Amino acid sequence: MEDLLIQFLNNTGYAMADYRHVIMIIIGCVFIYLGIAKHYEPLLLVPIGFGILIGNVPVFHGLGLSIYENNSVLHYLYMGVTLGIYPPLIFMGIGAMTDFSTMLARPVLMLLGAAAQMGIFITFLGALALGFEPKEAASIGIIGGADGPTAIFLTAKLAPDLIGPIAIAAYSYMALVPVIQPPIMKLLTSRKERLIRMEEPREVSKREKILFPIFGILLCCFLAPAALPLLGLLFLGNLLKEAVVTERLAVAARNSIIDTVTILLGLTVGASTQADVFLTGKSVGIFILGAVSFGIATASGVIFAKIMNRFLKDKINPLLGAAGVSAVPDSARVVQIVGQEEDPSNFLLMHAMAPNISGVIGSAIGAGVLWSFMM
Amino acid sequence: MYGLEAISANNGWAMALLGITIVFSGLAFLSFFISRLHLFLEFWENKDERIAKLKKRFQKKPEIKKEAPVVKVPDNLQEAMAQFKMLTTRIGDPFSLPRLIEMAEMSGLFHPHSTVNKFIKAGVIEPDGKGFFTWKL
Chain R
1 MEDLLIQFLN NTGYAMADYR HVIMIIIGCV FIYLGIAKHY EPLLLVPIGF
51 GILIGNVPVF HGLGLSIYEN NSVLHYLYMG VTLGIYPPLI FMGIGAMTDF
101 STMLARPVLM LLGAAAQMGI FITFLGALAL GFEPKEAASI GIIGGADGPT
151 AIFLTAKLAP DLIGPIAIAA YSYMALVPVI QPPIMKLLTS RKERLIRMEE
201 PREVSKREKI LFPIFGILLC CFLAPAALPL LGLLFLGNLL KEAVVTERLA
251 VAARNSIIDT VTILLGLTVG ASTQADVFLT GKSVGIFILG AVSFGIATAS
301 GVIFAKIMNR FLKDKINPLL GAAGVSAVPD SARVVQIVGQ EEDPSNFLLM
351 HAMAPNISGV IGSAIGAGVL WSFMM
Chain S
1 MYGLEAISAN NGWAMALLGI TIVFSGLAFL SFFISRLHLF LEFWENKDER
51 IAKLKKRFQK KPEIKKEAPV VKVPDNLQEA MAQFKMLTTR IGDPFSLPRL
101 IEMAEMSGLF HPHSTVNKFI KAGVIEPDGK GFFTWKL
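Protein chains in written order, with the working numbering: chain R, 1 to 375; chain S, 1 to 137.
Looking at chain R on its own, in the form it has when it is part of the complex (with noise of 0.2 Å):
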């Protein structure tokens, strides 16, 4: 009787434990207490966290309770991330949610979408000179994309060992926008610039909104077929939601079909994070590659958009350039926020979803670019 308690007591995960699941169990609370406390992107952060606290419980490999090993549950639902499967369901909620309206009315703001892509190109490069391989360059480039679902997507089809380290820094560094972005931001404009208002935009017709998402898909397909399976469910579930006729599924899509599936990533990506998969050199150069991918991402935005002004006759604020990384909608939050910060008076949300959208629609044809160089 007493060695089966001490064999039982082995077998506990308070005996298995090593200084790595404390410090992953450590960051799981981080990210629930950043999610609940501070509101930072929780319907993210919470699940991932939670996931987090789950992947680094230590269990006895063999019994299937891994989700590294196969027949395990986690291990099934983690299929929807390996194969590809979440992250275009998630871009045909974010379709059936988003308002393209300002977009529409203002279309050269989508260049700033473009340039803020730059980051990803820019740390590829970064992460190629350290001396990453180049499927796995590619993966942290597309961080700078500020697109998690993207993120995920692409690194599941080329470096699907690094899922778990580009996901939490992709996460962590989205739900961090609101402190990476207004440094950047303010040390690039002057306050003149920050004061610029932006003339109140078009009306956009109900077939203007229809036809968009038509014309964008084959659009943009047809130029970066790769970025298919994202860009045809965004577009999908926005021509749901605009159709009218098909509102019931534009609410299943936009509620609980993207719920569902959030709940499923997140923890599963947090899960991922096991200790020994997690805490290795190579993730600490993947977080701080993400860093400065964000940071690059977000000044090219805003001096591109301080380029665009010298040719431009009606002047855009440059602090929309930084909207053009796709953290939607955070990215245009703070942009609003910063706005305000010089004049209370100054309404940029409305304009900065434009960048913030084509942003999305840029990182999936970047993603896109990228798996299709790597094939």
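No wet-lab data here; the hints were simulated from the structure.
Here the structure is a predicted model, which is why all the values come from computation and not from measurement.
There may be inaccurate statements among the hints.
[To be verified] Short, incomplete list of chain R residues facing chain S, as computed with Cβ under 10 Å:
id, residue
1, MET103
2, VAL108
3, PHE121
4, PHE124
5, LEU128
6, ALA129
7, ARG202
8, VAL204
9, LEU211
10, PHE215
11, LEU219
12, ALA227
13, GLY362
14, SER363
15, ILE365
16, GLY368
[Unchecked claim] No more than 30 Å apart at the CA atoms, straight line, and that leaves these computed lysine-lysine pairs for DSBU-like:
id, chain 1, residue 1, chain 2, residue 2
17, S, LYS47, R, LYS206
18, R, LYS206, R, LYS313
19, R, LYS206, S, LYS53
Think of the CB as a built atom: it goes at the ideal place given N, C-alpha and C, for glycine as much as any other residue.
The hints should help you fit chain S onto chain R, whose structure is shown.
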């Protein structure tokens, strides 16, 4: 391999440059398309009116036929005109005025100079701008 050497060895420069170019062109193309979309829809909604306008613009303007000036020939000139016309069938139209007068004199017609002068005043014959005259009736 690290640094610039690693970038070059993995064709990184070309991939980064081409990648950002493709993303930029894709969004620029979409942006251009969107900027034209509402104009196209506006045209489509008022297509009948617009097509009618276009048709009107490209339609050949109907040629306005110049109406022949109404020339009133005084009764006393009617007979002389018939005689002089007969002469011009021989010398052709357009004709030389001195030659017509000479023919008229040879044919024994009275006062050919004043008769021709009356024809000119009445607009029955007109100069063709090349030194000859032609019948207007």
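Right, here's what the structure says about each hint:
no., hint, verdict
1, MET103, "holds, 7 Å"
2, VAL108, "holds, 6 Å"
3, PHE121, "holds, 4 Å"
4, PHE124, "holds, 6 Å"
5, LEU128, "holds, 5 Å"
6, ALA129, "holds, 5 Å"
7, ARG202, "holds, 8 Å"
8, VAL204, "holds, 8 Å"
9, LEU211, "holds, 6 Å"
10, PHE215, "holds, 6 Å"
11, LEU219, "holds, 5 Å"
12, ALA227, "holds, 9 Å"
13, GLY362, "holds, 5 Å"
14, SER363, "holds, 8 Å"
15, ILE365, "holds, 5 Å"
16, GLY368, "holds, 9 Å"
17, S:LYS47 <-> R:LYS206, "holds, 18 Å"
18, R:LYS206 <-> R:LYS313, "holds, 28 Å"
19, R:LYS206 <-> S:LYS53, "holds, 27 Å"
Consistency note: the structure conflicts with none of the earlier hints.
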